[in-house]
Amino acid sequence: MVEVSALNPGLILVFTAVILVVIGLYTIVTKKNLIRVIIGLEIMATGVNINFIALSLLKHPVLIDPTSHVLTIISIVLDGALVGVALGLTLIVYRKFKTLNTDRIRKLRW
Amino acid sequence: MLPYAPWVVWMLPIIMAFTHFIWERISTKLRDAMAVLTGFTSAVFAASMIPDVINGYVIIDGVKHHLPYDWKLVTWIPVPGLEIEMGVLIDPLSVLMANIVAWISSFIFLYSVEYLKGDRGITRYWMLVNFFIGAMELLVLSDNLLAMFFGWEGVGLASYALIGYWYEDKKKYWIGPYPPSHCGMKAFITTRIGDVGLLAAMLIIFMYSGTFNFMELAAHDSWIISLARDGILTLVLLLIFLGPIGKSAQFPLHVWLPEAMAGPTTVSALIHAATMVKAGVYFVARFTLVLFLVYHHAGEIIWPSLSTFFYTVAWIGAFTAFLAASMGLVSDQIKKVLAYSTVSQLGYMFAILGVAGLLMHHAEAFIDSFLSGIYHLFSHAIFKALLFLSAGAVGHAVESYMLKDMGGLRKYMPKTFIVMMVGALALSGVPPFNGFWSKDAILHALYAEKMTALFIVLAITAVMTVFYTFRMMGMAFYGEESSHVKHLIEEGHKPHDPGIFMSISLWVLAIGAVVSGFFLPGISKFFIPSFEWLGIEAGHYAELPLFNYMSFYVTTLTSPMLLVSIVIILAGVVPAWGFYMTGKWDPVEFISGNPLFRTIWSFLYNRWFINTFYYAVFVEGTVQLSKLLFDTVETNGGGNALKNCYTSLASYVRRLQTGYLRVNLSYIALGLVLLFIIFLLLG
Chain A
1 MVEVSALNPG
11 LILVFTAVIL
21 VVIGLYTIVT
31 KKNLIRVIIG
41 LEIMATGVNI
51 NFIALSLLKH
61 PVLIDPTSHV
71 LTIISIVLDG
81 ALVGVALGLT
91 LIVYRKFKTL
101 NTDRIRKLRW
Chain B
1 MLPYAPWVVW
11 MLPIIMAFTH
21 FIWERISTKL
31 RDAMAVLTGF
41 TSAVFAASMI
51 PDVINGYVII
61 DGVKHHLPYD
71 WKLVTWIPVP
81 GLEIEMGVLI
91 DPLSVLMANI
101 VAWISSFIFL
111 YSVEYLKGDR
121 GITRYWMLVN
131 FFIGAMELLV
141 LSDNLLAMFF
151 GWEGVGLASY
161 ALIGYWYEDK
171 KKYWIGPYPP
181 SHCGMKAFIT
191 TRIGDVGLLA
201 AMLIIFMYSG
211 TFNFMELAAH
221 DSWIISLARD
231 GILTLVLLLI
241 FLGPIGKSAQ
251 FPLHVWLPEA
261 MAGPTTVSAL
271 IHAATMVKAG
281 VYFVARFTLV
291 LFLVYHHAGE
301 IIWPSLSTFF
311 YTVAWIGAFT
321 AFLAASMGLV
331 SDQIKKVLAY
341 STVSQLGYMF
351 AILGVAGLLM
361 HHAEAFIDSF
371 LSGIYHLFSH
381 AIFKALLFLS
391 AGAVGHAVES
401 YMLKDMGGLR
411 KYMPKTFIVM
421 MVGALALSGV
431 PPFNGFWSKD
441 AILHALYAEK
451 MTALFIVLAI
461 TAVMTVFYTF
471 RMMGMAFYGE
481 ESSHVKHLIE
491 EGHKPHDPGI
501 FMSISLWVLA
511 IGAVVSGFFL
521 PGISKFFIPS
531 FEWLGIEAGH
541 YAELPLFNYM
551 SFYVTTLTSP
561 MLLVSIVIIL
571 AGVVPAWGFY
581 MTGKWDPVEF
591 ISGNPLFRTI
601 WSFLYNRWFI
611 NTFYYAVFVE
621 GTVQLSKLLF
631 DTVETNGGGN
641 ALKNCYTSLA
651 SYVRRLQTGY
661 LRVNLSYIAL
671 GLVLLFIIFL
681 LLG
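So the protein lines, in turn, are chains A and B.
Position 95 (the first sequence) corresponds to 95 in our numbering; numbering is contiguous.
Position 170 (the second sequence) corresponds to 170 in our numbering; numbering is contiguous.
Since the hints were made in silico from the structure, they are not lab data.
Keep in mind the model is a prediction, meaning the values are calculated, not measured.
Any given hint could turn out to be false.
Ranges between beta-carbon positions, derived for each pair [said to hold, decoys possible]:
{"id": "1", "chain 1": "A", "residue 1": "Thr-67", "chain 2": "B", "residue 2": "Asp-631", "range": "55 to 61 angstroms"}
{"id": "2", "chain 1": "A", "residue 1": "Thr-30", "chain 2": "B", "residue 2": "Asp-631", "range": "17 to 23 angstroms"}
{"id": "3", "chain 1": "B", "residue 1": "Leu-672", "chain 2": "A", "residue 2": "Leu-108", "range": "19 to 25 angstroms"}
{"id": "4", "chain 1": "B", "residue 1": "Phe-618", "chain 2": "A", "residue 2": "Val-85", "range": "49 to 55 angstroms"}
{"id": "5", "chain 1": "A", "residue 1": "Thr-90", "chain 2": "B", "residue 2": "Gly-118", "range": "53 to 59 angstroms"}
{"id": "6", "chain 1": "B", "residue 1": "Ala-200", "chain 2": "A", "residue 2": "Thr-67", "range": "39 to 45 angstroms"}
{"id": "7", "chain 1": "A", "residue 1": "Val-85", "chain 2": "B", "residue 2": "Glu-399", "range": "57 to 63 angstroms"}
{"id": "8", "chain 1": "B", "residue 1": "Lys-170", "chain 2": "A", "residue 2": "Thr-90", "range": "38 to 44 angstroms"}
{"id": "9", "chain 1": "A", "residue 1": "Pro-66", "chain 2": "B", "residue 2": "Ile-59", "range": "44 to 50 angstroms"}
Footprint (simulated), chain B over chain A, 3 or more residues, beta carbon under 8 angstroms [stated by the list, open to error]:
{"id": "10", "region": "22-30"}
{"id": "11", "region": "95-107"}
Backbone N, C-alpha and C define an ideal beta-carbon position, used for all residues, glycine too.
All chains, please: the whole structure from these sequences, using the hints.
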């Protein structure tokens, strides 16, 4: 286990990340509008990105590991692309189902 | 040596193999030129290593190294505890093999340019053949067992694809009862049986020695002593020999080679003369050298296993030589006759290498027999390439490989007749062609070392060799034209000599088959660095006739062995002359008139029923077993039990798929939490 002091800024970031992921998950599970679900997804992704930075701080409190920063930047770019694709799919879903209510979009079942 | 010659020799063809599809886009002529050029460039690089071997040292980066030199350039597998370095071994054996492979395959490439003109898959062909020789060069040049095994498998893969080159299985490409794709698969599977043994033996050796490197294996003896103490040395050595048995088509895994004729003739020439089947002989020779040194460190404790191993090598070789030659006597296809003769000649090489191993106590005798094997390897490569390429020219002209479709071709293809006759004379061991000197050296060594049984078997085989060679020549070139040939002439497709590219290759190889016989003592001198490495003093071998140009030829021509050779040749030629060349006697009448001969003929024609037996037991056996299992478990006995089982299981599980997005996401969250808990618990 990594020795963590209470003052380590990495720890605060980890908590922030966990909170963001939980908020995102909550949004995805409870909201019925597909657009809101995507927003929840983005919140979750932000949490994950912050987690990357946080872990790099936890591992090397003094010397900051650039690998995770690089990964975070890649991840942010990918998130942008992901939102684009998701919204595009949402448009198609709307054309097909005439609704964005996730309870009505139930084709993926037995 | 040209810079990085041993590396270029094997890397260049492999790299170039994957560029032919680019050249094809530009021009098909460019693609053909690039492929042939690759072969010749690689050959020039290989040839540039010869002077270094003759000098006995190489200079790399200004540092002088004595041969054999293990040139390590990169760490191939950098795992701690398993650091395997990629290297090339520059020693007489590897350089000789590299040159044989590179030069002969280059001329075969030149020949293929014309031979395969107009075929649809030529880009694929070039890719595969270049990869083929690249893998073979890796095999002969690599300094460790593992890299060698990669080359070994690369050769197997390429040969599979090339034998099944006409994978569309059009009826005109069938040779015997099986379609080409089937033949490719048969070759692949049969050689794989041997490879499994080789792989197992390699890994066992690695467990005991911690290295794959030939030089390190030879320098230490602790591994072989522990193997001997654990009582598995014999097993390991025999497993190792399983690889060469499969690759070089020795009994009992010889069945694939006759079927390998289904590919284009150039491929057959490559497989038989330069690559593939020579790999087994090379490996046994290489391992014999390693074992020689190890034996002189470790002493008598390993001798029982070694002698078992070498007796097996010698006798499997001798028996295969006899077996294959007897099948060649009755074969009805020109390429199959040559295929059987390859198996038979490889048997000679194994026999003499096995004898060399048995004579490890006496350096002189060891060198004598070892070099005879290498001589035969060298001259066989040349004359067998020549024979196959001329057979290809004949087949190209008459559009069939059946001997009964030929006959009387001497009139129409006089140049092809001359070059093929040179090959045939070399194969039958008629002086002064190269096959005579090397085969005589083998028989001479066997006779001198009092290996009477082996000597008799191989001498009888030599008689059969002469007979089937001249039978083949007689049926193809002498006598009356067959109805097939007459039909071709009526249609206006008169058989004719091949064009310029094919002719160049044929003539170069034909001249090689005559001239190379006079350079054989040069090979002995070439191998001096190896013998110095083995710690044999020059006094032991400098006086041998093999090392002296004059005395080698004088001894060969004045010894009583010459009489044996003449008897062998006459015993083979006379019946072939009577039956097939002049047509004085009728072979069909001769065989069918006598029930005993009929039985023997049928036995030989069916290849001793070995092939039939394998098909009945292994192929049919597997098919029947799976049918039986299918019937019992699936349809009858089980009453669709398996299907019902899964259906009922699925009917419960599928209810998890509700289609509600949030339910699915809850599952994900639940899974994440579970994972988190598991990680926390495991620390």
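Here is how each hint holds up against the structure:
Checked against the given bound of 55 to 61 angstroms, the beta carbons of Thr-67/A and Asp-631/B, roughly 59 angstroms apart, stay inside it. Distance hint check for Thr-30/A and Asp-631/B: the Cβ-Cβ separation is about 55 angstroms, which falls outside the suggested range of 17 to 23 angstroms. Distance hint check: the CB atoms of Leu-672/B and Leu-108/A are about 20 angstroms apart, consistent with the given range 19 to 25 angstroms. A beta carbon spacing of about 53 angstroms between Phe-618/B and Val-85/A agrees with the range 49 to 55 angstroms that was offered as a hint.
Range check, Thr-90/A to Gly-118/B: Cβ separation about 57 angstroms, and the 53 to 59 angstroms hint holds. Checked against the given bound of 39 to 45 angstroms, the beta carbons of Ala-200/B and Thr-67/A, roughly 42 angstroms apart, stay inside it. Roughly 60 angstroms separates the CB atoms of Val-85/A and Glu-399/B, a value that falls within the hinted 57 to 63 angstroms. For Lys-170/B and Thr-90/A, the Cβ-Cβ distance of about 54 angstroms falls outside the hinted range of 38 to 44 angstroms, so the restraint is violated.
A hinted range of 44 to 50 angstroms holds for the C-beta pair Pro-66/A and Ile-59/B, which are about 45 angstroms apart. Counting residues of the region 22-30 of chain A whose C-beta lies closer than 8 angstroms to any C-beta of chain B gives 4; at least three are required, and the coverage claim holds. Against chain B, the region 95-107 of chain A contributes 5 residues with a C-beta closer than 8 angstroms to a partner C-beta. That satisfies the three-residue criterion, and the hint holds.
Checked against the numbered hints listed earlier, the structure breaks hints 2 and 8; every other hint is satisfied.
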